[in-house]
Amino acid sequence: MSLLAIPEPDAAVLARRPDIIKQLKRLVPAATLIVDEDGCRTFESDALTAYRCAPMAVVLPSSTAEVSAILRYCHDNGIKIVPRGAGTSLAGGALPLADAIVLGLSRMTRILSIDVTNHVARVEAGATNIAISQAAAPQGFFYAPDPSSQLACTIGGNIATNSGGARCLKYGVTVNHVQGVRIVMMDGEVLDIGGDYLDAGGYDFLSLIVGSEGQLGIVTEATVRLVKAPEGSRPMLLGFASAEAAGACVAGIIAAGIIPVAIEFMDRPAIQVCENYSGAGYPLDVDALLIVEVEGSEDEIDILLEAIAEIAERYDPIVTRVSRGAEESAAIWKGRKAAFGAMGQISDYYCMDGVIPLSRLPEALQRISLICRQHHFDVANIFHAGDGNLHPLILYNASDPLELERAERCGAEILKLCVSLGGCLTGEHGVGIEKRDLMTAQYDRADLEQQMRVKTAFDPDWLLNPAKVFPLEGRELS
Amino acid sequence: MNVHMRLGFHAPQTGEELAALVAAAAGSRTPIEVRGRGSKIDVGRPLQTAAIVSTEAMVGISLYEPTELVLSAQAGTPVADIEILLAEYGQEFAFEPLDLGPALGFEPGQTSIGAMLATNLSGARRVLAGAVRDHALGVKAVNGRGEQFKAGGRVMKNVTGYDLSRALAGSWGTLAVMTEVTLKVLPARQEARTILCFGLPDATAVEAMRLATGTPFEVSGAVHLQKDLVARLSDPAVAGAGKAVTALRVENFASSVRYRASRLKELLAAYNPDAELDTARSHAFWNELRGLKMFCAKPERPLWRICTAASGAARLVAAIARTLDTQAFYDWGGSLIWLETSPILDGGAIEIRRSLAEFGGHATLIRADAMTRASIDVFQPLDAPLMALSQRLKAAFDPYGILNPGRMYPET
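Protein sequence lines correspond, in order, to chains A and B.
Count the first sequence with my numbering and you get residues 21 to 498, in order.
Count the second sequence with my numbering and you get residues 188 to 599, in order.
The hints are simulated quantities; they were obtained by calculation from the structure and are not laboratory data.
Check before you lean on any hint, since a few could be wrong.
[Said to hold, decoys possible] Restricting the straight-line Cα-Cα distance to at most 35 Å, the calculated cross-link-like pairs of lysine-lysine (DSBU-like) are:
| no. | chain 1 | residue 1 | chain 2 | residue 2 |
| --- | --- | --- | --- | --- |
| 1 | B | Lys480 | B | Lys414 |
| 2 | A | Lys357 | A | Lys436 |
| 3 | B | Lys414 | B | Lys452 |
| 4 | B | Lys414 | B | Lys485 |
| 5 | A | Lys248 | B | Lys485 |
| 6 | A | Lys436 | A | Lys354 |
| 7 | B | Lys430 | B | Lys414 |
| 8 | A | Lys248 | B | Lys430 |
| 9 | A | Lys436 | B | Lys430 |
| 10 | A | Lys248 | A | Lys357 |
| 11 | A | Lys190 | B | Lys485 |
| 12 | A | Lys248 | B | Lys452 |
| 13 | B | Lys430 | B | Lys480 |
| 14 | B | Lys480 | A | Lys248 |
| 15 | A | Lys45 | A | Lys190 |
| 16 | B | Lys485 | B | Lys430 |
| 17 | A | Lys357 | A | Lys190 |
| 18 | A | Lys42 | A | Lys190 |
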């Protein structure tokens with residue numbers, strides 16, 4: 021079994037289960053209510069599959085009014101709620117508790133409006149990330165944050181975790197693109213914050229709600245920014261003899277005033293696996309590979325890629341390959357896009373999400389490799405280099421519970437290393453249940469207490485997505 | 188232990204000193220005015236406090252890593268000083284921080300970096316690059332209990348816990364006193380071009396701005412000035428026009444701005460894009476907008492800042508102008524309106540808020556005499572549930588209500 025403690029379910033609540041289900045049926049007759057064991061088991065985990073716990077019931081409302089009615093009832097009766105989008109969290113953010121009700125937004129998927137005058141889309145929270153871009157595509161617009169799960173993940177889930185993505189070096193993350201929300205508070209109150217204009221008024225509640233991991237309220241609708249699609253984009257591939265050289269090249273590009281859309285980094289083990297799997301034609305004699313993508317007109321792209329190639333020359337690249345067209349672009353991206361699938365073919369892996377200051381990259385990679393060796397694991401690194409968001413993949417055997425425990429300990433050491441280098445525990449996956457007990461490595465007591473007081477201001481009884489983000493003893497501290 | 192705070196002006200030099208002062212004020216329940224360098228003390232509801240705590244003695248840049256696009260400075264550091272350093276490395280604050288000082292009767296360049304985040308007032312480039320708060324990475328601050336806390340950090344991606352650093356944006360010193368601010372910085376674009384259209388009616392101008400900001404050419408400024416404001420600017424081509432001016436900016440390397448400006452002019456052909464400013468004149472023009480130069484000439488006239496959907500902006504201004512004597516400057520492609528009104532008793536609050544109700548958004552009275560500011564809602568009134576949440580948030584940071592009490596709302 022793994023290391024994290026799950027709080028004991030409240031026996032009194034469990035005993036009331038039949039009545040709770042009856043009341044929910046009465047309150048929201050049109051909502052989908054799942055109460056059978058098999059049905060509940062479908063929701064027992066998210067993408068962090070090492071943790072499982074079937075909830076008391078699952079309710080899938082189809083309107084803000086239904087969400088409000090459910091929350092008000094649960095508030096009045098002291099019942100915990102675990103909000104859920106598509107369940108793609110890698111941090112256990114949607115892990116149920118035995119005495120909680122899972123409230124899923126999967127039936128609220130409508131795109132309410134695509135407003136090309138104000139450059140916003142208004143969508144229900146269960147709409148997938150990609151659906152927004154698809155709906156805006158006929159007018160030439162898109163929704164910029166693009167987490168790698170964008171085919172499945174919902175905008176509500178993106179808001180909960182402040183999702184990033186491959187393009188965020190240029191475009192920023194979810195919080196930079198959400199202009200308004202309709203949010204249901206735990207007591208059922210419905211609030212509209214911001215809207216189809218820039219800069220919401222009053223206190224910056226959007227900053228708190230985005231990234232709050234479903235602990236402050238349930239977002240049912242969002243107004244998000246739409247961006248006009250660039251004229252074109254093309255990548256180049258650079259191979260280096262060392263991570264130091266690759267890191268220095270990234271710094272050189274940024275120092276020259278160039279902000280590419282994406283700078284992706286792969287180390288030697290990752291390159292090997294991706295090449296074996298995808299046959300993308302990646303060089304196998306390099307220790308580090310960068311994929312750098314820029315946007316603009318054809319001429320602008322040529323000029324930028326040429327400038328980047330010139331900068332790269334200073335760091336003695338072993339390979340420089342510039343895409344000149346769609347086919348070559350696809351070939352360069354092929355291995356990277358297949359990376360996580362390729363890894364999954366050779367081994368189970370535990371994906372970390374720490375962030376470091378870019379200048380500490382070589383040191384970080386060396387020490388991560390050392391930590392993994394000490395725990396007898398292989399590690400591969402694939403990550404967004406422009407912003408220092410590392411994704412070390414610890415390769416382990418998931419069917420061996422002792423290995424899982426060891427992988428978790430190894431991961432925790434890596435994340436503490438990131439913090440000690442001046443970085444943070446998580447850049448885009450969220451704290452969830454996974455990193456809850458590591459929060460004290462990054463924050464002092466006073467820091468955490470201030471965050472928890474904010475939690476209490478929104479949800480005084482701590483019923484929303486409990487046992488996540490803060491150490492279990494946290495609530496007493498606040 | 189209730190240590191009474193010495194009344195009067197305090198300018199602590201460290202976070203520890205500042206925390207001790209606030210703790211003393213909390214102990215004796217002494218309301219304090221929180222300020223940076225004081226250039227915006229006349230914004231908001233007038234305060235009645237026994238003591239003032241300023242961060243003006245907390246200056247200095249504690250971290251600047253150009254290749255990591257990150258800068259940390261003590262809260263009282265003047266933004267102007269930081270921008271000089273950034274320029275040496277070819278970088279800048281991409282959100283083009285607004286300099287409100289001159290319009291309020293102060294020298295330019297006085298704003299502190301703490302106040303910049305606390306007021307979240309972004310300039311023209313916000314339309315492309317985001318607001319001040321979008322670039323906030325971390326803060327150190329003192330809450331109303333006198334406790335020092337930190338939030339966020341110094342890396343560009345960070346979802347570890349709640350984002351308390353951004354949450355202080357636009358809180359006008361009512362939640363916590365920032366002692367250090369860490370921000371994302373970006374490379375400054377080498378070249379700029381500004382396309383000018385003359386004499387467009389407001390509605391047509393907003394249409395042109397929406398068209399321009401909806402292109403792939405990364406338009407980094409889209410503004411429209413009504414006729415009487417134009418004459419208050421310096422560039423002869425603008426000031427001498429005698430007509431309303433609509434200005435659209437592109438920035439990048441030289442060949443790119445040439446290309447983008449020409450493509451934009453093609454697209455905007457129907458709006459008569461008759462003049463163009465080169466890099467140097469563009470810089471001068473947009474710098475004057477950043478200092479709201481057109482609103483410095485008549486300091487006795489109230490000045491409003493209105494955020495609303497661009498699609499309704501021109502109709503909103505027209506509705507207000509039916510009863511008030513106004514001059515409008517549209518920024519952010521029409522999504523922000525700066526409105527100068529005649530100095531009537533309520534500064535135009537009733538009329539502006541009544542019209543705004545139809546369009547949505549919020550209006551803040553940025554400039555008015557103290558009596559007006561004491562008698563009306565300076566910040567947009569909130570409906571009851573949002574006000575209740577605002578009060579709970581205030582209490583979560585400042586349970587005794589001692590930090591700038593009432594500056595934004597009587598209830599916080």
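Going down the list of hints, with the structure as the test:
Under the criterion of a C-alpha separation no larger than 35 Å, the hint pairing Lys480(B) with Lys414(B) is consistent with the structure, at around 14 Å. Our distance criterion of 35 Å between C-alpha atoms is met by Lys357(A) and Lys436(A), whose separation comes to about 28 Å. Taking the CA atoms of Lys414(B) and Lys452(B), the gap is about 22 Å. The hint holds against a cut of 35 Å. Only pairs whose Cα atoms come within 35 Å are accepted, and Lys414(B) paired with Lys485(B) is accepted, the gap being roughly 15 Å.
For the proposed pair Lys248(A) and Lys485(B), the alpha carbon gap of about 39 Å is over 35 Å, so the pair is violated. Of the pairs offered as hints, the one joining Lys436(A) and Lys354(A) holds, with about 32 Å between alpha carbons and a cut-off of 35 Å not exceeded. This hinted pair checks out: Lys430(B) and Lys414(B) have alpha carbons roughly 5 Å apart, not beyond 35 Å. For the given pair, Lys248(A) sits about 31 Å from Lys430(B) by alpha-carbon distance, which is consistent with the 35 Å threshold.
This hinted pair does not check out: Lys436(A) and Lys430(B) have alpha carbons roughly 61 Å apart, beyond 35 Å. Between Lys248(A) and Lys357(A) the CA atoms are separated by roughly 24 Å; this keeps the pair inside 35 Å, and the hint holds. Between Lys190(A) and Lys485(B), the direct Cα distance comes to roughly 40 Å. Violation of the 35 Å bound is thereby established for this hinted pair. With a C-alpha separation of about 18 Å, the suggested pair Lys248(A) and Lys452(B) falls inside the 35 Å cut-off, and the hint holds.
With a CA separation close to 17 Å, the supplied pair Lys430(B) and Lys480(B) stays within the 35 Å bound. The suggested pairing of Lys480(B) with Lys248(A) holds, with an alpha-carbon distance near 32 Å, which does not exceed 35 Å. Taking the CA atoms of Lys45(A) and Lys190(A), the gap is near 47 Å; set against the 35 Å cutoff, the hint is violated. The straight-line distance between the Cα atoms of Lys485(B) and Lys430(B) is roughly 20 Å, inside the 35 Å bound, and the hint therefore holds.
Straight-line distance between C-alpha atoms of Lys357(A) and Lys190(A) comes to about 19 Å, which keeps the hinted pair within the 35 Å bound. Taking the CA atoms of Lys42(A) and Lys190(A), the gap is near 50 Å; set against the 35 Å cutoff, the hint is violated.
Of the numbered hints given earlier, the model fails hints 5, 9, 11, 15, 18; all others are met.
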